[in-house]
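K.L.:
Spelled out from the first residue to the last, the chains are:
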Amino acid sequence: MSTIINGSSPSVTFSDGTTQTTAFTSTPSVTALVNGGNTITVPAVAGTMMVSGNMPAFSVYLSTSQSMTSATNTKVQFNTKLYDTANCFDNTTNYRFTPNVAGYYQFNLKVQTGGTPGDFFCAVQKNGGTEVYRGIRGNTGLSCVTVSTIVYLNGSTDYVEGYVYQTATSINGNTISSGDQSWFNGALIRAA
Amino acid sequence: MNIFDKIKTIYPQLTDADFVPTSGTIFIQNDSDGKGDYIKEWNHPTLAKPTPEQLAAITA
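Chain order of the listed sequences is Z and F.
Okay, so the first sequence: first residue is 5 according to the numbering used here, each after it adds one.
Okay, so the second sequence: first residue is 957 according to the numbering used here, each after it adds one.
Keep in mind that the hints were calculated from the coordinates and are not lab data.
Keep in mind the model is a prediction, meaning the values are calculated, not measured.
Any given hint could turn out to be false.
[Claimed, not checked] With a Cα cut of at most 20 angstroms, we get these calculated EDC-like pairs of lysine to aspartate or glutamate:
| # | chain 1 | residue 1 | chain 2 | residue 2 |
| --- | --- | --- | --- | --- |
| 1 | F | K991 | F | E1009 |
| 2 | F | K991 | Z | D88 |
| 3 | Z | K114 | F | D987 |
| 4 | F | K996 | Z | E135 |
Working from the sequences, and respecting the hints, build out all of it.
P.N.:
Shown next as structure tokens:
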């Protein structure tokens, strides 16, 4: 069965090849019988039915190490993409994720330094700091810190960035490690 | 000299704890936009936020 919800001709194509064209905004709901006798129901509430093709997801990392100042909350310049399904991550100028679909996004951030800092935090910051989701190192002997969170973004102007804060007296402690040691990823988990 | 060290030069009584994001009262940030470190928030109860002139006067 295939479904087109927001195209110019909304339709549902069933497994036997027949197609039903339906005005989804004016009917209570559409229920289709699929293999095994199960049904799939498309509710008539306002909004967009999400499919995998329009749910932004990204994964980025540092290709080279980045220096930072002790005791300064510093944006991590994630400059290399593993994937960016909707081309919403700016990896050249602002190093931020600005998705084009409104909804609730899961983010995961890990930052590692070359040495062992004193105080050590990382943060997913929304819109320059109007919302801050901070992670703190679990053990003072560790040189990495992580945070995971869910953030609502409006799909147009809202953005998130990854920051790190540490206090270190060594050069290595003031260096953000690259490669698989410092990364940032996220994906839409629920539309608005 | 970075702004963190300049502030500590102006106010030697400050410690690293005053700059910790979760519990401190002074917050320095760098947005990696080429403009360098800056004071994003200054909420110290008794010490005044240094002026740009005070910070510029501190040299290494």
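K.L.:
All hints, please: hold or fail.
P.N.:
Each hint tested on the structure:
no., hint, result
1, F/K991 x F/E1009, "holds, 17 angstroms"
2, F/K991 x Z/D88, "violated, 28 angstroms"
3, Z/K114 x F/D987, "holds, 18 angstroms"
4, F/K996 x Z/E135, "holds, 14 angstroms"
Against the hints set out earlier in the document, a violation occurs for number 2 only.
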